[in-house]
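Chain by chain, the residues run as shown.
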Amino acid sequence: MITVLYFARLRESLGTDREQLAPPPGVATVGQLADWLRDRGGNWTTELAADKPVRVAVNQEMASPDTLLPDGAEVAFFPPVTGG
Amino acid sequence: MITVLYFARLRESLGTDREQLAPPPGVATVGQLADWLRDRGGNWTTELAADKPVRVAVNQEMASPDTLLPDGAEVAFFPPVTGG
Amino acid sequence: MEVRVQEADFDFGAEIAAFRAGKPKIGAVASFLGLVRDVNDEAAVREMTLEHYPGMTEKALEEIVAEAKGRWDIFDALVIHRVGPLRPCDQIVLVAVSSAHRGEAFAACEFIMDYLKTRAPFWKKEETPAGGRWVDARETDDKAALRWREK
Amino acid sequence: MEVRVQEADFDFGAEIAAFRAGKPKIGAVASFLGLVRDVNDEAAVREMTLEHYPGMTEKALEEIVAEAKGRWDIFDALVIHRVGPLRPCDQIVLVAVSSAHRGEAFAACEFIMDYLKTRAPFWKKEETPAGGRWVDARETDDKAALRWREK
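Taken in order, these protein sequences are the chains called A, B, C and D.
Position 79 (the first sequence) corresponds to 79 in the working numbering; numbering is contiguous.
Position 64 (the second sequence) corresponds to 64 in the working numbering; numbering is contiguous.
Position 59 (the third sequence) corresponds to 59 in the working numbering; numbering is contiguous.
Position 134 (the fourth sequence) corresponds to 134 in the working numbering; numbering is contiguous.
Please note that the accuracy of each hint is not assured.
Said to hold, decoys possible - Some but not every residue of chain B turned toward chain D, in silico, with C-beta under 10 Å: (1) A8; (2) F78; (3) P80.
These aren't lab readings, by the way, just hints derived from the structure by calculation.
Here the structure is a predicted model, which means the values were calculated and not measured.
We treat Cβ as the ideally placed atom computed from N, Cα and C, and that holds for glycine.
From just these sequences and the hints, can you work out the full model?
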């Protein structure tokens, strides 16, 4: 099981801020998780499209597509940050 | 007539903060004024020695040895600044 | 070092006073105060909301401050960043850095702001007469952060 | 723009608050606060006295601020510099710069401080256990001021 969080534009567009997921075997990395979520269709496909500047953090550290997903991981998808 | 001001270390060492002077003909520039004052001897010679980092302002603008001295000028001698 | 993420406003002067109180080794305090502008990208901003990622935000800010301390000879740093609804003229962020001499304090303060802008998970949504809109990341912020890599 | 040379202390927070009050175009305020350290060049400083050149000092500061305004897209700048007797932890100088975005405010604020250090006629005399001594100009200050020429 992993926890997936969505922030800002993604949270609004996807209509959820958090979900518990049990990805199938074969979803072992951030990139594979994004592919799997994209297959849901609709806004999932457009918001997580490869050309969208989506950032991902795993256990609150910035991650890249090949970052592995430990069991129980907290994975967050969000747009480039705009604080300050 | 010109007014000559001294600040900081120079003021203390020369024992004066201000004097009115009528330099002789031939003292037309900052450099010539410094030469003339240096001829007074004692601390004047050491404080205004060529190797001392003395700064000069004429009418409150930074000057160089060849800056001309207008009649009635306010000429200030002081060490490199150390504010802030 | 202290990092705070809060909805409440802060007293800039009181924060700086407390930050340096009783520390006579401090010769320099460089600080930055970020404020809500009423205009951004030509649209009139009436209100904005700052969202963040609780937990990761504090962690990211602490890492940025720790990196600044590793790079420059500074005594201390303070970061306060607000979240929630904000209006024009409201305070958003305070960054202060103390050191013996000014060069280190200036550099570390600007570094912390540049990295905060690109690495700390905050997102701004502006309310304009045309409706709400998420603020896009600025390319100039990426450039500002990148230049520290060369040093 | 405002330049003040005074014996009296100032309220840093109140000055910054007044400096930006009611100006919703301001997105960034970079500021610097210079303080008396109890140690300088390995000697214990109990008190210092700041001497200045009345008239020329204000003029020099105004020229420095005007030059900063010509170089960067900033809204305003404030410089307050104290003179007279000062003790460790006392405030010496405040420089604040406001702008729409932070890069300009940081650069102009640091520029003003660097030029102030080398061009404004102030002189520090420190009282140490070994007696009074005039502070020598720092070579690093000349270097700090020189680097702005290249830009």
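Per the CB criterion, is B/P80 less than 10 Å away from chain D?
-> 4 Å, holds
So, B/A8 near chain D? Judge it on the closest CB pair being under 10 Å.
-> 4 Å, holds
Interface hint compliance - B/F78 to chain D, C-beta minimum distance less than 10 Å = 6 Å, holds
Against the hints set out earlier in the document, no violation occurs for any number.
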